[in-house]
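These protein sequences, in sequence, are chains A and B. Just so you know, the first sequence maps onto residues 1 to 68 in UniProt numbering. Just so you know, the second sequence maps onto residues 1 to 339 in UniProt numbering.
If you are wondering where the hints come from, they were derived from the structure by calculation, not from laboratory data. In this text, all values refer to a predicted model and were calculated from it rather than measured experimentally. Fair warning: there could be bad hints in the mix.
[As the list claims (entries may be wrong)] Pairs of lysine-lysine residues, derived as DSS-like cross-links and limited to a Cα-Cα distance of at most 30 Å, are as follows:
| id | chain 1 | residue 1 | chain 2 | residue 2 |
| --- | --- | --- | --- | --- |
| 1 | B | Lys9 | A | Lys27 |
| 2 | B | Lys23 | A | Lys11 |
| 3 | B | Lys67 | A | Lys45 |
| 4 | A | Lys27 | A | Lys45 |
| 5 | B | Lys57 | B | Lys95 |
[Said to hold, decoys possible] What follows is a set of in silico ranges between Cβ atoms, one per label pair, in the way DEER data are often shown:
| id | chain 1 | residue 1 | chain 2 | residue 2 | range |
| --- | --- | --- | --- | --- | --- |
| 6 | B | Glu3 | A | Gln30 | 37 to 43 Å |
| 7 | A | Lys11 | B | His90 | 46 to 52 Å |
| 8 | A | Gly51 | B | Arg213 | 38 to 44 Å |
| 9 | A | Ser5 | B | Lys9 | 17 to 23 Å |
| 10 | A | Glu15 | B | His90 | 44 to 50 Å |
| 11 | A | Lys11 | B | Arg22 | 23 to 29 Å |
| 12 | A | Gln16 | B | His90 | 22 to 28 Å |
All C-beta atoms, glycine included, are put in the ideal place defined by N, C-alpha and C.
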Amino acid sequence: MSSNSNLSTMKRTVEQLKLEASVDRIKVSQAAADLQQYCLQNASKDALLVGVPAASNPFREPRSCALL
Amino acid sequence: MGEMEQLRKEAESLKDEITAARKAVQDLTLQDHVAGTAVVGRVQLKTRKTLRGHLSKIYAVHWGDSKLCVSASQDGKLIVWDSYTTNKVHAIPLKSSWVMTCAYAPSGNMVACGGLDNMCSIYNLKGKDGNVKVMRELAAHTGYLSCCRFLNDNEIITSSGDCTCVLWDIETGSQKTVFAGHLGDCMSLGVAPDFNTFISGACDFTAKLWDIRDGQCRQTFGGHESDINAIGFFPNGNAVITGSDDASCKLYDLRSDQELITYQDSGIMCGVTSLAPSFSGRLILAGYDDFNCNIWDSLKAERVGVLSGHDNRVSCIGVTPDGMACCTGSWDSFLKIWN
Numbered sequence: 001m002s003s004n005s006n007l008s009t010m011k012r013t014v015e016q017l018k019l020e021a022s023v024d025r026i027k028v029s030q031a032a033a034d035l036q037q038y039c040l041q042n043a044s045k046d047a048l049l050v051g052v053p054a055a056s057n058p059f060r061e062p063r064s065c066a067l068l
Numbered sequence: 001m002g003e004m005e006q007l008r009k010e011a012e013s014l015k016d017e018i019t020a021a022r023k024a025v026q027d028l029t030l031q032d033h034v035a036g037t038a039v040v041g042r043v044q045l046k047t048r049k050t051l052r053g054h055l056s057k058i059y060a061v062h063w064g065d066s067k068l069c070v071s072a073s074q075d076g077k078l079i080v081w082d083s084y085t086t087n088k089v090h091a092i093p094l095k096s097s098w099v100m101t102c103a104y105a106p107s108g109n110m111v112a113c114g115g116l117d118n119m120c121s122i123y124n125l126k127g128k129d130g131n132v133k134v135m136r137e138l139a140a141h142t143g144y145l146s147c148c149r150f151l152n153d154n155e156i157i158t159s160s161g162d163c164t165c166v167l168w169d170i171e172t173g174s175q176k177t178v179f180a181g182h183l184g185d186c187m188s189l190g191v192a193p194d195f196n197t198f199i200s201g202a203c204d205f206t207a208k209l210w211d212i213r214d215g216q217c218r219q220t221f222g223g224h225e226s227d228i229n230a231i232g233f234f235p236n237g238n239a240v241i242t243g244s245d246d247a248s249c250k251l252y253d254l255r256s257d258q259e260l261i262t263y264q265d266s267g268i269m270c271g272v273t274s275l276a277p278s279f280s281g282r283l284i285l286a287g288y289d290d291f292n293c294n295i296w297d298s299l300k301a302e303r304v305g306v307l308s309g310h311d312n313r314v315s316c317i318g319v320t321p322d323g324m325a326c327c328t329g330s331w332d333s334f335l336k337i338w339n
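Bound-form chain A, shown alone (with noise of 0.2 Å):
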């Protein structure tokens, strides 16, 4: 009958409610501070941030210069 498996199906939504009603929190100003750290800390290895010199980047062909 469809309104038993309306029922069933409700009684899971609200088991699954619990279920992420507790979990555990942290601050907000603690998440933020972790985020931002993070970025700063792998910054200088991030090669779209910071750039990578030519000689060094697989995808650039190694152009010799013609001195004239």
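Based on these hints, arrange chain B on the given structure of chain A.
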């Protein structure tokens, strides 16, 4: 009061409880915290390589390591590229050309794809005779395959238009776990850096965090006003970034269980199709329906760059594991490598 009515009230009260609990830890906003931080300087990336070879729209691209990537096109081919040389390492003809996703195994031994055939096909790249053959066809989804990601050579997670995600045993071809709970098509998934959890984005406008081993949905994140098309983990595994048809991207923090920031601009009115964080997470590269890719400062939520060069929708994007470059794939049939 009928049992149904009682349950409905209980559900509403639990939702209010979650909202209140999230607010209770909001002692500061991310914007407050980074108020003293400068926006990153303008990011100008150049196309270093153009990968030509597909004959139709590209729907997906995935890096295997920092040199090899696999792309899928509705020309019915998977191509494995050496991005340094632009050579095609493998060109794999598919049984079904209606492909929507592809994935490279972390080991480099296999690739997978799927789409409107509702199946995930696994290909062995390292077969004895050198030919690439279908190793397994994972069939059980009752809707299209929108995304797939390998955990290892024997396990893969798929997301589907049937509203579920599935963890498969590749050797036996069987479903180990079905992750059910989304109320709309699952469009995208991302695996956590520690491989213990994964996230899914769906057409019910929510993102869900799942425990891979016990199959439970641990957290659900709302706020988007339309389908979530793209999802990815922030590199440290503590946050999730989503991209939606509502023209915005959002960052949700897992440990404080809430949205921290939205990346949007009144000038952007088209949907986000794809996204990838840079190596440090400071930049978010997002592909849009308007043929461009915008680069966002993830902490300051300001646009700091644009990748323009495609003549049609940017459908997929990926950053190399070493962070050296990003690859965009487009309906214009080309892939471009930028740094």
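Here is how each hint holds up against the structure:
1. B:Lys9 x A:Lys27: 29 Å, holds
2. B:Lys23 x A:Lys11: 26 Å, holds
3. B:Lys67 x A:Lys45: Roughly 17 Å between the alpha carbons, so the hint for Lys67 of chain B and Lys45 of chain A holds.
4. A:Lys27 x A:Lys45: 28 Å, holds
5. B:Lys57 x B:Lys95: Satisfied, since the Cα-Cα distance of roughly 17 Å is no more than 30 Å.
6. B:Glu3 x A:Gln30: 37 to 43 Å: 41 Å, holds
7. A:Lys11 x B:His90: 46 to 52 Å: Given a distance of about 49 Å, which is inside 46 to 52 Å, the answer is holds.
8. A:Gly51 x B:Arg213: 38 to 44 Å: Check passed, 41 Å falls within 38 to 44 Å.
9. A:Ser5 x B:Lys9: 17 to 23 Å: 20 Å, holds
10. A:Glu15 x B:His90: 44 to 50 Å: Once the Cβ atoms are compared, 46 Å apart, the range 44 to 50 Å for His90 of chain B and Glu15 of chain A holds.
11. A:Lys11 x B:Arg22: 23 to 29 Å: Roughly 24 Å apart at Cβ, these two residues keep to the hinted range, so it holds.
12. A:Gln16 x B:His90: 22 to 28 Å: Given about 42 Å between the Cβ atoms, the range is violated.
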